[in-house]
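J.: Take a look at the letters that make up each chain.
There are 2 protein chains.
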Amino acid sequence: MNNRLVTFLPAGVKVEVEPGTDLLTAAGKANIEIKAPCGGDGTCGKCAVRIKSGNVKARRDSHLATRIAEKGFNLACQTLVQDEDLVVEIPKTSSMSKHQVLGENASVGAGVSDALSNYLLHVWQLKELLLEQQKSPLNGYPLNPLCRRVRLTLPVANLQDNRDDLNRLTMALKKEIKCTDIHVPLSIIQKLGEILRVDQFKVTVLLSEVSGKVEIIAVEPGHGHQPLYGIAVDIGTTTVVAYLLDLEKGRVIDTAGTHNRQARFGDDVISRIVYAVEEPDGLKTVHQSIIGTINTLIMDLLVKQRHIKETDIRVMMTAGNTTMAHLFLGINPKFIRLEPYIPTANFYPVVKAQELGLRVNPDALVFSYASVASYVGGDIVSGTLFTGMGNEDAPISLLIDIGTNGEMVLGAGDWLVTCSCSAGPAFEGSGILFGMRAMHGAIERMQIDPQTYEVAYTTINNGKAIGICGSGLIDCLAKLKSTGIIDRAGKFQTSLPTERMRIGETGPEFVLVWREDTDINRDIVICEADVKNLLRAKGAVFAGIRTLLNVVGFELESIENIYVAGGFGNYLNIPDAIAIGLLPDIPVEKYKYVGNTSAKGACMALLSQEAWQEANNLAGKLTYIELSVGNLFMDEFISSLFIPHTDLTLFPNVGL
Amino acid sequence: MNNRLVTFLPAGVKVEVEPGTDLLTAAGKANIEIKAPCGGDGTCGKCAVRIKSGNVKARRDSHLATRIAEKGFNLACQTLVQDEDLVVEIPKTSSMSKHQVLGENASVGAGVSDALSNYLLHVWQLKELLLEQQKSPLNGYPLNPLCRRVRLTLPVANLQDNRDDLNRLTMALKKEIKCTDIHVPLSIIQKLGEILRVDQFKVTVLLSEVSGKVEIIAVEPGHGHQPLYGIAVDIGTTTVVAYLLDLEKGRVIDTAGTHNRQARFGDDVISRIVYAVEEPDGLKTVHQSIIGTINTLIMDLLVKQRHIKETDIRVMMTAGNTTMAHLFLGINPKFIRLEPYIPTANFYPVVKAQELGLRVNPDALVFSYASVASYVGGDIVSGTLFTGMGNEDAPISLLIDIGTNGEMVLGAGDWLVTCSCSAGPAFEGSGILFGMRAMHGAIERMQIDPQTYEVAYTTINNGKAIGICGSGLIDCLAKLKSTGIIDRAGKFQTSLPTERMRIGETGPEFVLVWREDTDINRDIVICEADVKNLLRAKGAVFAGIRTLLNVVGFELESIENIYVAGGFGNYLNIPDAIAIGLLPDIPVEKYKYVGNTSAKGACMALLSQEAWQEANNLAGKLTYIELSVGNLFMDEFISSLFIPHTDLTLFPNVGL
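Chain order of the listed sequences is H and C.
For the first sequence, the positions run 1 to 656 when UniProt numbering is used.
For the second sequence, the positions run 1 to 656 when UniProt numbering is used.
Some clues are possibly wrong.
As the list makes no split between identical chains, a pair holds if one copy fits it or if it spans any two.
As the list claims (entries may be wrong) - In silico DSSO-like links for lysine-lysine, alpha-carbon gap of 27 Å or less:
(1) K52 x K14
(2) K590 x K284
(3) K178 x K57
(4) K135 x K175
(5) K213 x K175
(6) K29 x K178
(7) K621 x K174
(8) K532 x K491
(9) K352 x K592
(10) K592 x K14
(11) K191 x K334
(12) K491 x K57
(13) K592 x K175
(14) K352 x K191
(15) K213 x K174
(16) K304 x K249
(17) K57 x K213
(18) K249 x K178
(19) K175 x K532
(20) K135 x K178
(21) K284 x K191
(22) K191 x K174
Hints in this document: simulated from the structure, not taken from any laboratory.
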């Protein structure tokens, strides 16, 4: 093969690819993440790059490609490497990592730049997560981790007691921990003879005990203090966060987060499924992509905590939505997206780390949170566990997790109903002209002066603005409405006396930040299509809540607690979210920010067998309501496409 | 590396090796088996080869090497490749395969010569095994194979019944076969979604059900007639035999046998353990060697039965001694040979074929017969199952399996005692000047004229004699004694009036076959050292029998049946074996040849869950008697070193 060298600026990362390869794929191969919410279909326009040298060819002509080309850019997904080496510049707006942050740390080599830049990016966010999680990772459950240490002194073998080593071990273990069903993997049996004899038949067994079944994770010589660590991972469609846990002390040591590398196959689960199902070796590629993402986090954590070795990690717990769980385990996700939306599995087998290629102890056990249905996954079960909604004495509560999808659980103790509404990823910035994730430079709070229409805003990290994230979009929508810039249906009042209101390429738009105040050298605007997308997203969530209530015959007023979970839960302005009709109009004090409950529940399950058992109980107990059956949801949805709603009696406290 | 080319004649097989490699290792690399009972220590002299061209160097000088060199030979294990390419001739006497047999089949290429020549070698023996085994492979147990087919019609998924695929499958299965504990491996879950939908949720499940635990082996679309085959393997230290079974019809289809390729690491289990423990990567090498041997057999079987594919083999069962079981599973065998002789495991985990690299369906389950102790293995448990000695109404019986070791089981129904006596491999030809295994050209029957001392003999396949195998050696010893050539202590009467009696290199020897009647161009003789070795071997077996009887307080007369098992069981002359004091002097009609009971029991267990459960019961029930504890065995052994014994009242019917 006559491969060509592609150099990506500004990082300077080089990669060899075959002629005919598109630049999005080439970047993926170089572990550089370019935005591609449409999954490389050439329809979203987010992957614009600039060819600095070398010739390229377009995959096909399109209106969008032409418009982008007029500005001197090419769509990475539509641009093919030809017979020359290339130098390609990735503008900040197209990159998922902010290389200038990395620039502050001159000692970091290009090889790890991506992982580290992601890490640095998230530092501010992760610190908060870490502090919060360190407070009480067990959340009331007893410390009884999924891997524990049992010290045994076996009778020394002799001619009178010549039982085989395995029998000697399992008999002693049964006596010590009163269990009947012990599984010792072949890899451990293979070395057992030597291990028993290093310290005169004194050994330490590391094991996992779930519902009376014992799985041996390691047998090590002597009664030393074998390290006992675990990693809990929240596998989000967008962001993956890992916690390093000291299983013995029951505490969180550190955390690391990064983008899910699968993002290059599309922003939402549907694009990922399509890629996995339709591309050659697609499933393998998408599977390895999440394994690689998690391995990067493990590497990050172990670089920071140098006293802990890969082999010291004995157990892992993951929580993610159903598609993420399938892809993590390499299970074909095809039927998740086809009616009647059936996942291959809701309860997942416990596997060994080496089966998946995870960079921890090869014999480590990997647990996956059970799902409920195709669009209510282990992350929601994990969140339900965290809130205690399934506890006997729990009051009627609602858990809302707004991420790429909007999932919710309603219930109290014995009864729990759940659904997922296709809110779409608008609140994660997708489908919004200047939408972005909650990263450095994202607008997260906003005020609009009702007289002058001037905009005041704050950004994450106080960086120069480069876009607007979920919490900023909710603020923005509320303020556009309250200042009369848009009406209840989301239509722009184009006659306002401000130059911020203008007609852009796609129709009416409102300038939020002028070019000179941005870090992207363009005006940041919100347009009518953006507003429509946001209305659909918020409408879907509210319609979901109403449908669940309807199914069980309760009113909004019955709800005692609303738990707001998910990535932006901590930064959400509740009154604004009520004002736009995203959340129900009940007293603000009933709302509780619960943050990343998926990650928190994963930590709990790793630290407590009781929590893990309850998690599995919950997965069985949650009753899934399929919103596409019947007209209930669709009627509610249509009524929710206004600000705040067609039925204003539902929002008595929202001033119009 | 500057490798040298070594060409082995007569097969013409070439191999590249580094200078400094010994020729035994080089031959091993070329998959050519040279005899090396001493394991390459340079002490047995069986690996003599002739250097046709190229220079070599001796590892070290020794008396033996010098003697061999005088005859124009070099010891392969002591001869090192230097800086030239070599051509090396392997004489028939050193080869484990008979290339002249192969010569009859001119179309066979050199690449498969070894496997095929082994196969051809065994054809005569295997045919008998096959016919015998085809008669009644179940031996009274019900046909209920370890892999069976369950056809399910699952409810078709829809929006009202949106259970996940895995749940849908396991619920239907539980209903169909009334079980609770079902394990579906990840590899099957990964593809399950597609499989259920190929034929509208009609599937066929192949599964194994043991003690209420169900392991799914395959899920295939539709209600077709999925092939259902299994392979049972007897892993002997010397010979490995595989049976291809039709699990559905409960019958043996075909069989194949070959030498255990581990033979190049030594003839007996001790040499194999030493190699595994002391050589770099020794365990891996020895492990892969047996896997390779079995894969050759599988290939042989599938070449002969072209309608059966690798993937059609769903389950395997192996039976072998404890060391073989350890090496087969890659378990460190180190402590088997060190006092107090503890195996790492007696009960072995069920593993997937792909974990071991066996060339059958990767998801096939591989079962291993449980052992009893370091020197009483699964082959004996298998034999005990076959004889029915553990059945409720069984009379007092004795099972004797004389192979490389001599193992025996004594008992009736509830009580079964067992021991292993280090008989040594004399009856397999090792340690005997012209000893050989039961192969083409081996003397298997013998008469000596008491007047003329002329020898009449028959050989296997009626080939020209090249050596003498176990049954021939027993005949020989009996006749040497009955004709007065040796006395009760095994000492030669050197003054006999025949030129067959002479003083050879090692002392007195008796010529059995004159050079011109052999196929090796040398006189075939038996010497005093040979006789001593045979006396030790037969003495150990008889002493073992006496010790077992002593332990349980019974006399020889109490024994109702003696089952004679093992490779040479079918060809053994019982009266001669009694005459030399190998077997007890009880009526010949109480003796029953049972052949290769290890292989037969393996077939039974594969075809019947009930048989497999009973095999595991037996392994737990067999009480192991360690002969090295106390003086009982040693006293008996010393008394048994005469022909037939010091206590002649034990052999009332043996004429002296």
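J.: So which of the earlier hints does this model not fit?
T.: 2, 3, 4, 6, 9, 10, 12, 13, 17, 19, 20
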